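Here the structure of chain A is known, so what remains is to put chain B in place on it, guided by the hints.
So the sequences go chain by chain: A and B. 722 is the number that the numbering used here gives the last residue of the first sequence; the numbers go up by one with no jumps. 1024 is the number that the numbering used here gives the last residue of the second sequence; the numbers go up by one with no jumps.
Heads up, some of the hints might be wrong.
[As the list claims (entries may be wrong)] Cross-link-like lysine to aspartate or glutamate pairs, in silico, DMTMM-like; alpha carbons within 20 angstroms at most: (1) Lys892/B to Asp681/A; (2) Lys260/B to Glu683/A; (3) Lys365/B to Asp577/A; (4) Lys365/B to Asp588/A; (5) Lys895/B to Asp686/A; (6) Lys895/B to Glu648/A; (7) Lys550/B to Asp636/B; (8) Lys262/B to Glu648/A; (9) Lys260/B to Asp686/A; (10) Lys895/B to Asp681/A; (11) Lys892/B to Glu648/A; (12) Lys365/B to Asp681/A; (13) Lys892/B to Glu652/A.
Everything labelled a hint here was simulated from the structure, so no lab data went into it. As the structure is a computational prediction, the values presented were derived from the model and not from experiment.
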Amino acid sequence: MHVKIRINGKPYEKDIDPRLLLTHFIRDLAGLTGTHIGCETSICGACTVLANGLAVKSCTMFAVQADGVDVVTIEGMARDGQLHPLQESFWEEHGLQCGYCTPGMIMCAHQLLARNTAPTDTEIRDALGGNLCRCTGYQNIVAAVRSAAGKLKREPRIAAGD
Amino acid sequence: MTQRYVGQALKRKEDPRLVSGTSSYVDDISMPGMLHMAITRSIHAHARIKRIDISKAQRLPGVHAVITGEEVAANCGPVPSAGEIPNMKRPQRYLLAVSKVRFVGEPIAAVVAADKYIARDAADFIEIEYEPLPAVVNPEKAMQPGSPRLYDEFSDNVSYHFGFESGNTEEAFKSANVVVKERFINQRLAPIAMETRGAVATLQMPDNELVIWSSTQIPHLLRTQLALMVRVPENRMRVIAPEVGGGFGSKLNVYAEEGLVAYLAKKTGHPVKWIESRRENIAATIHGRDQIDDVELALKKDGTILGMRVKSIADLGAYFQLLTPIIPTLTGLLAPGAYKVPALKFDQVGVLTNKMATDAYRGAGRPEATYLIERIMDVAAQKLKLDPAELRRRNFPRPNEFPYKTSGGVIYDSADYEKALDRALELADYKGLRLKQAELWKQGKYMGIGLSSYVEICAMGPSTAMPAGGWESGTVRIEPSGKVTVLTGASPHGQGQETSFAQIAADELGITPDDVVVIHGDTARIPYGIGTFGSRATAVGGTAMFLAIQDLKEKMKKIAAHLLETTPDKMEFSPGKLVVKGGSGRSINYTEVVGAAYMARNLPPGVEPGLEATRFFEPSNFTFPFGTHVCVVELDWETGEPKITKYVAVDDCGNVINPLLVEGQVHGGIVQGVAQALHEEVVYDENGQLLTGSLMDYALPRAHDFPEFELDRTVTPSPVNPLGVKGVGEAGTIGSTPAVVNAVVDALAPFGVTHIDMPVRSEKVWKILKGRKAS
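Next up, chain B with everything else stripped away, as it sits in the complex:
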């Protein structure tokens, strides 16, 4: 099929409603009789609840119901969590705390009232008597004997041990010329989608179907879990993800508040709305990262990697959300990064602490891996006195070695790492930058250049490797008019698949993207699907749609051949028509074939009427996008501020459907990754009080923190799916964090610095600049 639209930078079909303010997010939904829910949350990190007095709240005019933990424990299932690791201690949690709280922000009671102001007042009128218990927030302390225990029923706070060894690491380290080691900490982060969480639930007439609108990335999985949670048959429940204002993994989850809204709609008979405040969002929406990795790398004199050992501590927080124990284990799979690491030993402990649960945040387990391998490569380069680019180059698998099985246990699909590295170095003028750096150092100005050659695990993924199915569904319906409706199980929330899927469908069917409408995020309209996360929507969901289109094309070819008295194999699609191959000039209009399928008066034998197909695509493997990022920083001598003066990103996400969308994903990803390197950190004090509980304290990046990024691409199609796409949703985040930290460390090299912990705030750099002597 000729590509008229795939590969073009088409403006998004989504945008007119978004730029004009006419779209509908959860908070924009309003219904007659709607009540508002507010939550009373724990002010202690660890405490027994001795008494809850709800009488004052109940007496407030306008309050319809007040509920506490005992009621929901008796009437609702627990908050679900997936993933199995042998001998894992899995904490159980109800929608509201029962007798004990284990983090600041844990829901204790819920109020519904006629308006949100009254609901908030009532929630604040609930009196709770606590018996505070010692809290533990540092995972290394939590592992020690004698540490306060979160759960009486568990012998200690260690939830799981996960590990593997491939190759012989002992031998590798024995035969090494050089061994480098360092501790790398991925600090705790808050995802901060600009739209906080929120849900509306109502019993809808005539059949009392329980309808829930939620700001979610996974409407179908949410319905399955909510059905269990609030004990409603799944086929009597509908979940709608309306316009969703960003997710970044934080809405790839099933939360207590979603269950509470559903339960209270059932209980009161009124529609119930809950919109999370930003303070609640930082305290009680999942956090990301929070992992400590002790890394050792064994190399030969020439820089060849022989082996790697990682000892990892994952801070899980107090409870499990949907994927809490799974995310940190992904770090092991990707620990070798883009390099040949013949032997790898990975040991991880997952630890419970008095903090909010960690879970999937943009990159989810892979940024941690990329950070540790890309940092240790720089530490090794420094030790070996090799250029960091050269050390990377020497350890890349060659393009002809793919599919490449790694010591992390996965099979990389396709890549040319050196090509992306070379292009990035060229674009950044790496040689020129090194000369300039030497010059600046002489003048006492500290400039640093950081590289990161990342690979990531995307298009999640084969079902055998996923907790709840890794396939995706796609339905394509060609309507009698020839217009096309696509129903996808993917649930985009800003990524733009209403546009990119329409581009693919238009090219395949010889129509225009304007002829295609892509519908997502409604369990009543769309066959069961998995959702949007792990850079999977196009690679898995797009492929399901593509396969459904192929079914319809085969059918249309049969009908066209029948009408033209030829055979289906001689027919092909062309813009607006189906033509007989071979230049005879014979053809039949697309709309005529569509009409014939619906009129059904003259169909070939065995061909059913109608034009609708549904496919469920099960990928055979993940995809593995890659690239090289180059970051240049200059340190402000007076303040220590690391200022990014240049940023080059060369990414390879396989075939590109819409370059505009790909660039947008990379830009946004870079900023989130840079923010981890330089700004963001969720901080709890030693008592478990959240110190970064508002956007005043949690440092999100702003427009003036960045220069204009310079982007380019290499294109290595993936063999895993027929579209050849790999996914790009997380690439920027994964690639950028180590590039920035490598740049700062490089700038501080004259001071003998080999590592600096994130976030690299001005103060840390300033202390080094003022406290040490440059060599």
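Bound-form chain A, shown alone:
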């Protein structure tokens, strides 16, 4: 099947098998390997990307379902060599160790902050319920999201991918 998917602002037109997963389209056909696969069942959230602004788990979405969709991956977060405030905050607050879950965490946190500019810690922890991390114990991830919310409030930034 023929699909056209915009990823980080760039169009990718391909003929694909209907069963190709969006995550494999992103990783193997677009060559953007920052999106990781952790469970293939929507549980761990490592593969989270934004599809038309909504956080989705790309391991359980078919690429054909994303035909005509605007996708943003972790590679689309930095702008002109400048890290997104979420990326900066994960770095500053030691919100990652092995880094495998990090892209998905950041994409999910991005959706939270788009909906709620000043989340409480409980709201952050609840919003990240679909993203698993085995290294950090979550505490510094929560701190990173909290810190990024503060930065974005002081210095609002257009949503990633726009």
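Leaving out everything else, chain B in the frame of chain A:
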């Protein structure tokens, strides 16, 4: 040397590539002509393989090869396992099952195809005719006469007996005023690194070197073992651990699939990739714990411990992975915990069952020990009507008694257990918590406070106590520009040693961490090393690097002294330069000395050109980090859910290189330990079918399961290494599990509860709350 960077919470050098998604894990490697491997696995826990039909799979377009057990048994060595216990029955296993399978998920056939979808299809097209055999999954049943036997060649399923007695336990128990006993079960757990296992292998031109990228904690040991396995000379093989997405012990191993990828790359001449699915990861990556311990503790009226007896059953699973029989025996060494236990008798049987092999999982043998001693201490405190903190305090060795030889047979390096306990009690407001608890109990609200004063065995370790060398290598090269390249045999996979090692090197050489690059995980670039596990990277690998730096500093002092016409003993390092001691103000720039070493036109007699040194550090002992954790839980009357409302951890890991990294390790460790206490359990049914085979069924902890942890530290440097560091990778996991269970049992004390088994799910608590009357 002045410490400008050591001890500072520096942001990690690793992170820019990780937060931007530009790093490269195994699955991110792609090569022209690359094939994908998929595995057909056993659906039975115990069965004879009567027939395998691969013809349908072979006919599928895109399939390049299909292999089965007979081919690999003829062409490849077995899956390696280390460790010797006298009279041990050691099962042998090939890369694919030959004639019999012994656990659900055991590899039977491998397919390589042009893409991963075709490979998976082909693997599913392989038809296998089984003759199912009775399975045994319960180790106590497996030990009984008449139990189904896993191996025709073994008389029974008991692989080994391991035991020792130190002191006179019979006397201790005879003279005791009080004896308490309880059975403690460490359930089976799955390590679940967020990145599953995976490997890529290729024959690389021009010399057909076999290059393997693997998500591993031990690239050099893996190369040595793979060379034997696939029969390639070790010096014609290169193993690279690229970015590794967590390990927790599960990648401290040599797996059949790594051998298969290497073999198939050789066989097909194509690069071959295998990425484990999560279902495969839960079924066929090593599991942890699975140990039953019957514990008896003998005490005097005043709470003084006289002796301890442990009867232990370790469920090894069906086969041996690299360290399967070694891990449970570590429990014996640490059974006395942080206490004076004058007499100890430890007896363990290792039992084979129709399940995946157990092996090293974060803590590896020591969480089991800590759980049993910290739980039995609470059982004893309850019986003696002593405060659990007070019972612990009365049995600690005093700081002046270190180095302290224990009845477990190890020598604790340094500690002040009481200081850590006191700090934790203060931080938690323990007295206030007890008052609040009494108040809540009156209102019919059940709150519990749990303590755990743990000690652990880290910095593994002296080579005499290790299966494959316990040393580590470190190479330091000061480049002609003055920039520094560190090559370490440690193989970090999230711990942050690219940063912490740079901090140490920067302070020693008077440069900045930005001037230092730390390289790890590539056998072609780095001298032979052991790897990262057992909280060893900084204490052993960091020390090797530190010693190499000292060699270079001595050499640079000689060169500097020669150029300044003084003697090397008068030179010292200062930021950016080497200065003559004594305030004369004479100095020479660091870069000038480095340049002189490479220009080599004016070197002192006997000094060779260049600035590179390699050291191999052999530690004289393990290190023994310790601490006290305090956990507060409140039980939900309606659901039984134990909710953690407060968590305090005071840990002592010796000197701290980067507090940010130490806190991160403690946070993550606590969550993994709490998850054992409350959530996680690998469950097989009685036929050996895996019931928790996906993350839908295996309960990993999530962000909203925890409050904000409160952390503090005491600092007792280790005398075992010049850095004074002890290691912190496993502390949180080891300390937290018993603290949580102690808290739940404490909350249930009004119901006469003295013990509850892990994982403490809501249902177990709910039954107690609804079924019994509170006193």
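Now the hints, each set against the structure:
Only pairs whose Cα atoms come within 20 angstroms are accepted, and lysine 892/B paired with aspartate 681/A is accepted, the gap being roughly 17 angstroms. Our distance criterion of 20 angstroms between C-alpha atoms is broken by lysine 260/B and glutamate 683/A, whose separation comes to about 26 angstroms. The hinted pair formed by lysine 365/B and aspartate 577/A meets the criterion: a straight-line CA distance of about 13 angstroms does not exceed 20 angstroms. Taken as a hint, the lysine 365/B and aspartate 588/A pair is honoured in the structure, with Cα atoms around 11 angstroms apart against an allowance of 20 angstroms.
For the given pair, lysine 895/B sits about 18 angstroms from aspartate 686/A by alpha-carbon distance, which is consistent with the 20 angstroms threshold. Restraint check for lysine 895/B and glutamate 648/A: the C-alpha separation of about 29 angstroms exceeds 20 angstroms, so the hint is violated. Distance check on the hinted pair: lysine 550/B and aspartate 636/B sit about 14 angstroms apart at the alpha-carbon level, within 20 angstroms; holds. Taking the CA atoms of lysine 262/B and glutamate 648/A, the gap is near 13 angstroms; set against the 20 angstroms cutoff, the hint holds.
Distance restraint check for lysine 260/B and aspartate 686/A: the Cα-Cα separation of roughly 27 angstroms exceeds the 20 angstroms cut-off, and the hinted pair is therefore not satisfied. Between lysine 895/B and aspartate 681/A, the direct Cα distance comes to roughly 15 angstroms. Compliance with the 20 angstroms bound is thereby established for this hinted pair. With a C-alpha separation of about 32 angstroms, the suggested pairing of lysine 892/B with glutamate 648/A is violated against the 20 angstroms cut-off. This hinted pair does not check out: lysine 365/B and aspartate 681/A have alpha carbons roughly 41 angstroms apart, beyond 20 angstroms.
A C-alpha spacing of about 30 angstroms is found between lysine 892/B and glutamate 652/A, which places the hinted pair above 20 angstroms, so the restraint is violated.
Hint violations for this structure: numbers 2, 6, 9, 11, 12 and 13, all remaining hints satisfied.
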